[in-house]
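So the sequences go chain by chain: A and B.
The first sequence begins at 1 in the UniProt record's numbering and counts up one residue at a time.
The second sequence begins at 1 in the UniProt record's numbering and counts up one residue at a time.
Any given hint might turn out to be false.
Stated by the list, open to error - Mimicking SDA-like on lysine to any residue, the simulated pairs with C-alpha atoms at most 20 Å apart in a straight line are:
| no. | chain 1 | residue 1 | chain 2 | residue 2 |
| --- | --- | --- | --- | --- |
| 1 | A | Lys19 | A | Trp119 |
| 2 | B | Lys36 | B | Asp138 |
| 3 | B | Lys101 | A | Arg38 |
| 4 | A | Lys111 | B | Arg10 |
| 5 | B | Lys36 | A | Pro94 |
| 6 | A | Lys101 | B | Arg126 |
| 7 | B | Lys19 | B | Leu30 |
| 8 | B | Lys101 | A | Ser46 |
| 9 | A | Lys69 | A | Asp106 |
| 10 | A | Lys111 | A | Arg32 |
| 11 | A | Lys36 | B | Gly95 |
| 12 | A | Lys111 | A | Phe27 |
| 13 | B | Lys69 | A | Ser46 |
| 14 | A | Lys36 | A | Ala116 |
| 15 | B | Lys101 | A | Gly44 |
| 16 | A | Lys101 | B | Leu30 |
For the record, the hints were derived by calculation from the structure and aren't laboratory data.
None of these values were measured; they are calculated from a predicted model.
Number of protein chains: 2
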Amino acid sequence: MSNQKSPARRALDVIPHAKQTSYPEPFASLVRGREKRRLGDAFGLSNFGVNLTRLKPGAISSVRHNHSKQDEFVYILEGSPTLVTDAGPTELQPGMCAGFKAGSGDSHHLKNETAADVWYIEVGDRSAGDQASYPDDDLAVVVTDGVHVFTRKDGSSHE
Amino acid sequence: MSNQKSPARRALDVIPHAKQTSYPEPFASLVRGREKRRLGDAFGLSNFGVNLTRLKPGAISSVRHNHSKQDEFVYILEGSPTLVTDAGPTELQPGMCAGFKAGSGDSHHLKNETAADVWYIEVGDRSAGDQASYPDDDLAVVVTDGVHVFTRKDGSSHE
Numbered sequence: 001m002s003n004q005k006s007p008a009r010r011a012l013d014v015i016p017h018a019k020q021t022s023y024p025e026p027f028a029s030l031v032r033g034r035e036k037r038r039l040g041d042a043f044g045l046s047n048f049g050v051n052l053t054r055l056k057p058g059a060i061s062s063v064r065h066n067h068s069k070q071d072e073f074v075y076i077l078e079g080s081p082t083l084v085t086d087a088g089p090t091e092l093q094p095g096m097c098a099g100f101k102a103g104s105g106d107s108h109h110l111k112n113e114t115a116a117d118v119w120y121i122e123v124g125d126r127s128a129g130d131q132a133s134y135p136d137d138d139l140a141v142v143v144t145d146g147v148h149v150f151t152r153k154d155g156s157s158h159e
Numbered sequence: 001m002s003n004q005k006s007p008a009r010r011a012l013d014v015i016p017h018a019k020q021t022s023y024p025e026p027f028a029s030l031v032r033g034r035e036k037r038r039l040g041d042a043f044g045l046s047n048f049g050v051n052l053t054r055l056k057p058g059a060i061s062s063v064r065h066n067h068s069k070q071d072e073f074v075y076i077l078e079g080s081p082t083l084v085t086d087a088g089p090t091e092l093q094p095g096m097c098a099g100f101k102a103g104s105g106d107s108h109h110l111k112n113e114t115a116a117d118v119w120y121i122e123v124g125d126r127s128a129g130d131q132a133s134y135p136d137d138d139l140a141v142v143v144t145d146g147v148h149v150f151t152r153k154d155g156s157s158h159e
């Protein structure tokens, strides 16, 4: 990444991450309207990731999931995404935030069901040995050396 | 903390942290106009802290410092603080961000030299064994079980 030594930068000047997703279809299409600027990585940070994320109309943040070891947090900057947890849907507004404690078992994601873009800050740590679970979908993941390999829950490929 | 099970909340509804600072004088007075809402803690997150922080006119974010183990990140929501690093001062605007890599040795803080409030999101992880250093001031800190004890650099008290 260029500009690593710059003490500060405009978040919008950070180029969106080139790799859109590692999800197989049909999940990849659901996040096609998601754009992540990896702000923490732009400054060489490694203990946590912090992204400026845009969800275009119709996009979701991720397949609804929970983490075993890694905490997650979102702060809404613009737009009105729907947060879905085990408790159901909640409409969020700018200035609202949500935190997802590792190991809680409560799954979450954001959906942009509006006609306007949603922008938010997301934070996640990088605790080793994390496992993500997807209660609503036939999706499982193994992460090896930072590479996400997605399968069906029986271990077979979606192809 | 009440409302830990709420899936989301307005950040401004999180009550500012009661303890203003552990700094001794004359440093405590410099952060008197600083107000931190511990958003991550409000959801029970423990791997990192994320705060909504307000700097009233004249306030600083902290004594200028660097960390040995813990990364830090800020995203400016409102106002124009001055970021001071080893490279000197930089005026920030809303939508700008900065990251401070652990172990870089480059020290930082924010100063509100304007007549308007500054609001920003700050993130820091909780890696064990962290040490903070304060190059500009006669300040040293030892953290034991989460309690910060500040001294002069020779180990004596500021009292």
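Legend entry - Hint check, failures only: When the structure is compared with the hints, numbers 2 and 16 turn out to be violated.
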